[in-house]
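*Asks:* Construct all of the structure, not just a fragment, from the sequences and the given hints.
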Amino acid sequence: MNIEILAGSSDAPEVYVGHASSASILSSHRDCVAACAVAQSTIPRGNDVELIETRSEALVGNYFPEKEKHLSQDEAEANPIT
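Residue 38 in this note's numbering sits at position 38 of the sequence shown, with consecutive numbering throughout.
Read the hints as simulated data drawn from the structure, not as lab findings.
Just so it is clear, the structure is predicted and the values come from calculations on it, not from any experiment.
Ideal placement from N, C-alpha and C gives every residue a C-beta, glycine not left out.
Heads up, a few of these hints could be off.
Between beta-carbon pairs, the in silico distance windows are [claimed, not checked]:
id, residue 1, residue 2, range
1, Pro13, His70, 33 to 39 Å
2, Glu57, Leu6, 39 to 45 Å
3, Ser22, Glu53, 26 to 32 Å
*Replies:* Written out as structure tokens, the structure reads:
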């Protein structure tokens, strides 16, 4: 069986098993660690690999909507990294 992961028309990875497949792939990587999920394209899923590190308040201000900004602080206070 020949399985290939190729760039699709939008440059997102697409799975081919001799032809275009109904499967889709999702991958993430950071600092020598990678994760990959393969499933039928109709199954919702997600993955993200991130390094746990201190982030500036500017990141929160730039990337999170108002209703989510408090979540990172709430989580940090509830589960401090020691």
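*Asks:* Are the hints correct? Go through all of them and say.
*Replies:* Consistency of the hints with the structure:
1. Pro13 / His70: 33 to 39 Å: holds (34 Å)
2. Glu57 / Leu6: 39 to 45 Å: Check passed, 41 Å falls within 39 to 45 Å.
3. Ser22 / Glu53: 26 to 32 Å: violated (38 Å)
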